[in-house]
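Engineer: Make a model of the complete structure from these sequences and hints.
In order, the protein sequences belong to chains A and B. Residues in the first sequence are numbered consecutively from 1, following my numbering. Residues in the second sequence are numbered consecutively from 1, following my numbering.
There's no promise every hint is true.
Unchecked claim - Some chain B residues well away from chain A (every beta-carbon gap over 12 Å; in silico): (1) P97; (2) S98; (3) L99; (4) Y160; (5) I191.
What the hints assert, rightly or not - Have a look at the derived ranges for each label pair, beta carbon to beta carbon: (6) B:I63 with A:M58: 15 to 21 Å; (7) B:L58 with A:P64: 38 to 44 Å; (8) A:V74 with B:V105: 23 to 29 Å; (9) A:C4 with B:K34: 32 to 38 Å; (10) B:I63 with A:K200: 51 to 57 Å; (11) B:M1 with A:I203: 28 to 34 Å; (12) B:G129 with A:D65: 39 to 45 Å; (13) B:M1 with A:A206: 55 to 61 Å; (14) B:L99 with A:F90: 35 to 41 Å; (15) A:D65 with B:M1: 49 to 55 Å.
Simulated from the structure, these hints should not be mistaken for lab results. Beta carbons: idealized from backbone N, C-alpha and C, even for Gly.
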Amino acid sequence: MNGCTERVYNGLIKENPTFVLMLGMCPTLAVTTSAINGVGMGLSTTVVLVLSNMLISMLRKIIPDSVRMPAFIVVVASFVTIVQFLLEGFVPSLYASLGLYIPLIVVNCIILGRAESYASKNPVVLSIFDGIGMGLGFTVGLTAIGLVRELIGSGKVFDYQLLPLADMSTGQAGYVPVTIFILAPGAFLVLAGLTALQNKMKINAAKKGKKVIEAAGCGEGCASCAGCSKTVFPTGNEKE
Amino acid sequence: MKELLIIAIGSAIVNNVVLSQFLGICPFLGVSKKVETASGMGGAVIFVITIASFITSLIYKFILVPLNISYLQTIVFILVIAALVQFVEMFLKKAMPSLYNALGVYLPLITTNCAVLGVALTNVQKDYGILTGVVNGIGTSLGFAIAIIIMAGIREKIEYNDISESFQGTPIVLITAALMSIAFFGFSGLI
Chain A
1 MNGCTERVYN GLIKENPTFV LMLGMCPTLA VTTSAINGVG MGLSTTVVLV
51 LSNMLISMLR KIIPDSVRMP AFIVVVASFV TIVQFLLEGF VPSLYASLGL
101 YIPLIVVNCI ILGRAESYAS KNPVVLSIFD GIGMGLGFTV GLTAIGLVRE
151 LIGSGKVFDY QLLPLADMST GQAGYVPVTI FILAPGAFLV LAGLTALQNK
201 MKINAAKKGK KVIEAAGCGE GCASCAGCSK TVFPTGNEKE
Chain B
1 MKELLIIAIG SAIVNNVVLS QFLGICPFLG VSKKVETASG MGGAVIFVIT
51 IASFITSLIY KFILVPLNIS YLQTIVFILV IAALVQFVEM FLKKAMPSLY
101 NALGVYLPLI TTNCAVLGVA LTNVQKDYGI LTGVVNGIGT SLGFAIAIII
151 MAGIREKIEY NDISESFQGT PIVLITAALM SIAFFGFSGL I
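Structural biologist: Shown next, in the form of structure tokens:
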């Protein structure tokens, strides 16, 4: 396996940002009310991630170490602004449903995390593929959560009515949607189920004596963001 | 005055920043193991968001809008917030060492707390003025503090519970958050 496919595999499966590293929890929970929103958010993040990885990798020898955090933030924020305007212009419906969470891509720890831990140390092409892998991994994670929530919460898949709904007035039998899954608590419940499943697999793997891949990127489990900023920011602080 | 009160209650309880808007999930899950640290984090967030919403409203109204560069808001706000957090940290260290000792560790974490940027952007989106923006900021950060302190209180009790192996750690915390979120739905008729 050459370097580029290895990066994509790494992002998609081995270090999947949603299920393994547990990064970027805010958009994961907030926009996954439907699968299509998950895809939209995932792809927007991917675009920002690939472009910012590319630019930061190009500039890695120019940016002085002491101001690298602010420099990264400016690069990421510029690309986020560009993506925001493109979405507003070309996909206004998606822009409306994602709303506030588009500009908030800036503070998504996946992007700053990859910039700090990968793009600032590696050549351009590898960084681009790292961005593609991580971005697609994030997209897959969001889409999976979105699919579960949309299916249970409204009986639809990608806006297609998969399960025929029950109709009280005509007495027709059918699926009664569990609306709570597309409301706020549903996000927490689905994510809780998925992480429990992942824990279960880890425990089984550990019992068989296999080596378990830990949330390698940033700290333990879901404290990731706190852990992440702990590792990311104080370095910026001391020198800033 | 009545409108301000409605905005404050609305953003603190009814549209709770963590439980219904999903901003600041990371510190909510990460720093909520003990009531003591959770209230420290809550205090630091109240402090920073209040100042940040004041300063970003000022910058938006008197710099970005007159110069016609309001499309730069995301870049400007995140830089202002990052700089502000640094500045607050330095200022507290010199001027109020006791407060710094209480909040110090949490301050650097706040830059990546999306609630801060979220409040600044909401203020712009909803066309809030400076005073309304600050009130919205106070309300939102109070909501964050309420949620994280309740969560920490529950987690301290969960420690003693017998939880099945695969649900230990993050999953049980997420389920607790889901139940809290359902409880907060009860406030939705308030305004």
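Engineer: For each hint, tell me whether it holds in the structure or not.
Structural biologist: Status of the hints after comparison with the structure:
Every CB of chain A lies more than 12 Å from the CB of P97 of chain B, the least distance being 18 Å, so the non-interface label holds. For S98 of chain B, the non-interface assignment is confirmed: its Cβ lies about 21 Å from the closest Cβ of chain A, beyond the 12 Å cut-off. Even its closest Cβ contact with chain A, about 18 Å, leaves L99 of chain B beyond 12 Å, as expected for a residue assigned away from the interface. Against chain A, the non-interface label of Y160 of chain B holds: every CB pair exceeds 12 Å, the least being about 20 Å.
I191 of chain B, annotated as away from the interface, keeps every beta carbon of chain A farther than 12 Å; the closest lies near 17 Å. Separation of I63 of chain B from M58 of chain A is about 31 Å and departs from the stated range, judged on CB atoms against 15 to 21 Å. Between L58 of chain B and P64 of chain A, the C-beta spacing of about 30 Å breaks the proposed range 38 to 44 Å. A hinted range of 23 to 29 Å holds for the C-beta pair V74 of chain A and V105 of chain B, which are about 27 Å apart.
Remark: the range hint 32 to 38 Å for C4 of chain A to K34 of chain B is contradicted by a beta-carbon distance near 45 Å. Between I63 of chain B and K200 of chain A the C-beta distance comes to about 53 Å, which sits within the given range of 51 to 57 Å. A hinted range of 28 to 34 Å for the beta carbons of M1 of chain B and I203 of chain A is inconsistent with their spacing of about 56 Å. A hinted range of 39 to 45 Å for the beta carbons of G129 of chain B and D65 of chain A is consistent with their spacing of about 41 Å.
A beta carbon spacing of about 59 Å between M1 of chain B and A206 of chain A agrees with the range 55 to 61 Å that was offered as a hint. Roughly 48 Å separates the CB atoms of L99 of chain B and F90 of chain A, a value that falls outside the hinted 35 to 41 Å. Checked against the given bound of 49 to 55 Å, the beta carbons of D65 of chain A and M1 of chain B, roughly 51 Å apart, stay inside it.
When held up to the earlier numbered hints, the structure conflicts with 6, 7, 9, 11 and 14 and fits the remainder.
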